[in-house]
Amino acid sequence: MPLINDTGFIADSWVRVSEESTLFAEQIIIPFAQFEEAAAANIKKIGVHVANTVKPTELVQYFAKLDLISIDFPNFADGRGLSIARSIRKAGFIGELRAFGPLIADQYAYARSCGFDTIEVPEELAARQPEGQWKDAGKSLSLSYQRGYMHGKNILNQRSIHEAASRTGAV
Amino acid sequence: MGETGWVKTHNKAKIASTADEQIALDELGAKSMTANEVVDAYLIDIVLDQHNTPQPTHYRELMRTKGPSIRLDLGKQAENHT
Amino acid sequence: MNALQPRSNSAPHMYRYDAFDAQFVRERVKQFRSQVERRLDGSLTETEFKPLRLMNGLYLQLHAYMLRVAIPYGTLSAVQLRQLAFIADRFDKGYGHFTTRQNIQYNWPKLKDVPDILDALADVEMHAIQTSGNCIRNVTADHFAGVADDEIEDPRPTAELLRQWSSAHPEFSFLPRKFKIAVSGAEHDRAAIKVHDIGLRIVKNDIGEIGYEVILGGGLGRTPMIGHVVREFLPKNDILPYCEAIMRVYNSFGRRDNKYKARVKILVHETGLEQIRAMVEAEFNSLDKASIAHDPKELERIAAQFANPVYDRFAAKFNDLQTQMDADPEFHLFANTNIASHKAQGYSIITVSLKPIGGSPGDASAAQMRVLSDVADQYSHSELRISHEQNIILPHVRTSDLYSVWQALKAAGLATANAGLITDIIACPGMDYCSLATARSIPIAQAIAKRFESAAEQHDIGKLGIKISGCINACGHHHIGAIGILGLEKSGIESYQITIGGDPTLTTAIGERLGPGFAADDVPDAIAKIVDVYKSTRTDGEAFMETYRRIGTSPFKEALYAAH
Ligand code: SF4
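Protein chains in written order, with this note's numbering: chain S, 216 to 386; chain P, 900 to 981; chain X, 35 to 598.
Just so you know, these hints were derived from the structure itself, not from any lab.
Errors might be hidden in some of the hints.
Claimed, not checked - As a list, the in silico SDA-like pairs of lysine to any residue whose alpha-carbon atoms are at most 20 Å apart:
#1 S/LYS270 with X/ASN319
#2 S/LYS368 with X/LYS64
#3 X/LYS293 with S/GLN242
#4 X/LYS127 with P/SER968
#5 X/LYS144 with P/VAL906
As the list claims (entries may be wrong) - Restraint ranges, calculated between C-beta atoms of paired labels, are given here:
#6 X/LYS146 with S/ALA256: 38 to 44 Å
#7 S/ASP221 with X/GLY526: 54 to 60 Å
#8 P/LYS975 with S/ALA266: 47 to 53 Å
#9 X/GLN57 with S/THR222: 39 to 45 Å
#10 P/GLU920 with S/THR222: 51 to 57 Å
#11 P/LYS975 with X/GLU487: 29 to 35 Å
#12 P/LEU947 with S/GLY223: 55 to 61 Å
Being a predicted model, the structure only gives us computed values, none of them experimental.
Glycine residues also receive a C-beta, built at the ideal position from the N, C-alpha and C atoms.
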């Protein structure tokens, strides 16, 4: 399915492996339940796909062995995946974090802020919302009010800098 | 939905009297919503008044055909308001 | 005019956008403009567009779209109110409706005009951001904030900090359901904080520090619940991390399988307070607070802008009010109900009732908005407030000016002397406008008000709040009305259920249902019977709620339902 990052629509170097198929590719995304099996099979890079009901704390012990975590979005209005992403980043995961499901372009910046690197959307949705819309939506709000999130220029931090600068007479 | 397409008032609306006709109209509504012609289409219960004009039986839809009951100068009823 | 009393036409004493806020709101408008275009060209389906338009306050109602504009924590400048009047004339039908959540609603905007309306709002530092949708809604606060004589601290700086923090929140914009926060800084609760998802009460601890009591899980709607204290004292600087912790727990565990069970109150109820507290505290403790919390200087920066005007010391010398009241009985009635005491000597707070007998509760015409702006410029430091009772407040009026203000209001039909009385009815739009309604609310309010039209009778009955909702969503707060009326549908006709004993203050109580519903035409009679029970049982000076607490519901039930 179409994959999006900051540069636009990109080729996917990962292969999603379902329960029945054999593990052959170098980089595979498997259901979380099959992780142990894949880890034993000597595969170069492993990613897991998790439901949005997963407890982020359960994943922490596997971080070192995972190059990708894909979080399921059953529909775009279900924001649970955003909190999971944020918790996973907070717990120190540095691999690729991918949102999987019918997210809309308007959510791109939010997903990035919460720690996602890529979004994998259904064909139908990508056809309706082509690359340009994702790029525009990603830039539409250049400022944010929440500290500690990753996207956009933070207003509170900017104010602190200004304030400190004006106190030392730098401005 | 009238004979020749969507209409703004209910009195020229198509009427379904059988279950099949209901399904057909419902599908038409769903199609028009997907096609972006209308925003919200649904079937309502009606009776025919003395001029053979369909009138909703439920007070909610009746209100829709007129306008706010407390501001007779607003909504569709405003056209007849003096 | 006395030379010692210069009239203030200065900028109002409230938060002003800096360049960042201004840019943020403009970008949000631009974003919405392109979302509308993408809806029209089919890039966005209606299902996808709906939450986006809702998060910009745009509903689809019975007859047209409806745009809900935020009036953050109810504070409004004269310039802003004038712009609201302009929008009503230019893009709507010459009026607006003030709601129980300190918003204003326009009932007839065209979709294509909405981005222009949002730009017109941005021109005066206003917006419609998050007045709807499953996100953190417009933060509300005590409408007497900053001027109440029982205040520990002005709640508005906190509310403003939270307004900013919740705006376009990347993680909490697709919640299980809407989320409402209210802040109070006074001893008396005028913001109904116990029936909000989060209620914050500014308190002082044993060693004199100021912080927040955090109340979680209140709410009205289908399952009314009173909020619980999750944290007795939260240091001021922890407010953002603590809110983030609550929101993350809610976003992760709030129910999404049933929209009637999706509010945080249900999560608290089903999980248990102790368990929820443990979850919130665990999340809170896991956070790197320093990276999330606001710089204390930021709150100071905001608070400085809410600093009260410099009041005239000589204003306190005025002592002719009683004489003026005695000389004019009509003014006397007004002064009795619509004037509250101000923390500065010689000043008063005026409540301008938007509940004229026979009017639509909370509605104001563009012309009335302009009169109020002018009055505010001349007499109230250019500042106004919107109360959750759907009235407008003039917060800084010299007591010596009260009579002049009253005359100006009277000329504009805005001097109804009924604040807090039986005809000061809170009513949601109901089925006259709202697509979710099961029955009408406004005509019921009008019929009751007409029934109790006589000023003498209203004043004799005294303080009595009637609240009406047109459906179970309870926008009219009927559960917490001394008398609550809920409009339902019963076998194809409107039917009204009456509750009694609700209380919106710190002693919050949910009203008790008296029995089967009444037909629309019978509601005024039913209310009259309830009032008669009160009048015949009250002891000297006893208010309706006091009598109710003393005698309970049975006498009222009997009066309504006993066989004749
Ligand atoms: S209570 Fe119901 S009818 Fe009234 S405004 Fe809210 S949703 Fe609409």
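Find the hints from earlier in the document that the structure breaks and name them by number, from lowest to highest. 3, 6 and 9
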